[in-house]
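Produce the entire structure from the sequences given, and follow the hints as far as they go.
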Amino acid sequence: MTVTHDSIVEVLAGAGHGDHAAAVTALIQPAFRIVASALAPRPGHFRRAEDEPDLDEARLTAFDAAMAALPLGASRFGGVPDLPAGVAWPERDGVPMELIAQLRLADVAAAAADPRLPAQGSLLFFYNSQWTTSDQGQDGCCAVIFHDGPDDALVRVAPPRVEWKSEFASVTQFAPFLHGLASLRFEPTLSLPGGVSPYITAPLTSFWQDFRCNHGDALSGCTEPYHANFLLGYVDEQDYVDAHANGTEDQLLLQVDSEDAAELQFGDCNKLFFLLTRSELAARDFSNARVYSSLG
Amino acid sequence: MTPDEARALLRGVSAFTRERGDELWQALLSLEDAAALVREASRLAWESHPRGFDNTDLHARYGDGIVPWLATRLGDDGVLRNQPWCVVPCLLACGSAEAFALAWRATGIDGITAWGGCGDRDLVSAWSARHPEVALAELEHRAATGEVRARAYLRAAGRRATPETADDVLALLDACAARLFATRVRLAPPGASHDVRVVAARAGDDWGLALEWVDGTRPSGLFAARAAGIAYGSRVRGAIDGAAVTSRPLADFHGATLDDRLGPPALALPALGLGDAAAVVAVVPHVAHAPVPSQSAVWQTLAAAVR
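In the order they appear, the protein sequences are chains Z and U. Under the working numbering, the letters of the first sequence match residues -19 to 276, in that order. Under the working numbering, the letters of the second sequence match residues 1095 to 1401, in that order.
Treat the hints as calculated values from the structure; they're not laboratory data. Incorrect hints may appear among the rest.
Unchecked claim - Simulated restraints, written as ranges between beta carbons of each label pair:
#1 U:His1380 x Z:Ala89: 52 to 60 Å
#2 Z:Asn226 x U:Ala1391: 54 to 62 Å
#3 U:Gly1349 x Z:Ala45: 20 to 28 Å
#4 Z:Gln9 x U:Pro1358: 42 to 50 Å
#5 Z:Asp132 x U:Gly1349: 29 to 37 Å
#6 U:Pro1313 x Z:Gln189: 53 to 61 Å
#7 U:Arg1145 x Z:Arg165: 55 to 63 Å
#8 Z:Arg136 x U:Gly1369: 44 to 52 Å
Since this is a predicted model, take the numbers as computed values, not measurements. Ideal placement from N, C-alpha and C gives every residue a C-beta, glycine not left out.
This is how it looks when you write it as structure tokens:
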């Protein structure tokens, strides 16, 4: 389903809110829908269980083959990263984080030019979904790496293997957790704020939450659950946890769903939201990016 | 409730029960002083809890005078019974040397420690985080009198001697084995294993111990088997000061022996950060410890070899 300026106005009018068309369309942000296609399942469960090894030999073989066939720097969800030369695998408290996404920005630019993003290079998103969900938003919970160079300056890194114990897990685990591997395609789309958002002010507050809830599919273009992956745009959930710590200065950078194509699973089918400020994005400074999962 | 009324009410009961919990708790908080509280609380059978997992009302009312009652919850097996569940929160709230001594004697906790408790930390570490000055003084006193466990806690607190002695080396290993460091990474040497190798090296006042084993079964690919391990040493900076998880390619996946697969001991040296002056002083094919490395003859020998 394609989301356009006209389709948004039409939905708005159909819901009886046509009077607010100007205010709503003023909020429209360009974004990119990310369409994922499965390449390989995750190679194991990465837990020290007594009944079975943490890595599955057959899955390892398939995963290895899929990674070998993936060109250096190719856009993907999951898998193993291609890191800029000399950059260490991101970790938190000694525990290597998992690769959520690697985006080749030329792939994005080929879909549509967007001055908010560099036209070349790569963005890599890391997080540790095995940790807990209790301390998101804190420093060091995620890492976003910007590689401002060509693909052939990237290095595919064999994953480290660190045994560790989460506060709430009964068994030790191995990090980094590796998700399945999925290739990505980018489609230009339009985005509107979620039901609870600092971008929504009076008079839209009087109806926006219900309207966004009742017409979410038509407004986001997502007709099936767990594929709501977006680059830029707005957080598409209701921000009950003040994830927008800087109000409307905060910008969604990446939203990743519990996408089956890469066997992503965040909490109980939650999404991940990587945010930073507009000025940080403009300065290509990704060092303070924050990540949130369930927003309320 | 006046102290007289509280005493009268408590005189008629032998157990703290759920049915009368609120009433009895109010009475316990209404006694004349800590000594009276210790007397009454110590004779009660604690069948239930006061309200709130993190209840520290007794400490707020009587201060560290409640420690003698808390001590009655320590069993002969060294396990502190967190029944009622205010025991651990109250012990953590008490900041006296007497309270530290009780935490030090406890080898474990039995019972819920939820919000007011230790989380995933051991009792001494949790207590020390709340009262660092008292804890350090007590630990230094114990270390000076030869308690090796105290040296391990001091090492975990960043108290590293320069240069380090063999005892300091063992203190680091003990701290890793007991998971005293604020890291989720496992840095403990194995309890006993024949499938590992330890390379001991030194360079002047610096030292290093590289524990290595073969991890994996695949000869190639992203998941190729590798020499995994833990590096300990004066120059090692990893998850903690002094220990780091290590990983390097195998010398020969098809090698007939463990030494063939891991390669010459010199391959382990870069992880120790000792530079070109590093000299291998010992290589051992087997390590064991029970319950901590400082009680292992092998680790004692290795520590002596690098100092």
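Evaluation of the provided hints:
Between histidine 1380 (chain U) and alanine 89 (chain Z) the Cβ separation comes to about 58 Å, which falls inside the hinted range of 52 to 60 Å. Look at asparagine 226 (chain Z) against alanine 1391 (chain U): about 59 Å separates their beta carbons, and that is inside 54 to 62 Å. Evaluation of the 20 to 28 Å hint for glycine 1349 (chain U) and alanine 45 (chain Z) yields a pass: the beta carbon distance comes to about 26 Å. A hinted range of 42 to 50 Å is violated for the C-beta pair glutamine 9 (chain Z) and proline 1358 (chain U), which are about 59 Å apart.
The hinted window of 29 to 37 Å between aspartate 132 (chain Z) and glycine 1349 (chain U) holds, with their beta carbons roughly 34 Å apart. Separation of proline 1313 (chain U) from glutamine 189 (chain Z) is about 57 Å and conforms to the stated range, judged on CB atoms against 53 to 61 Å. Between arginine 1145 (chain U) and arginine 165 (chain Z) the CB atoms are about 56 Å apart, so this pair conforms to the stated range of 55 to 63 Å. Checked against the hint of 44 to 52 Å, the pair arginine 136 (chain Z) and glycine 1369 (chain U) fails, with Cβ atoms roughly 30 Å apart.
Checked against the numbered hints given earlier, the structure breaks hints 4, 8 and satisfies all the rest.
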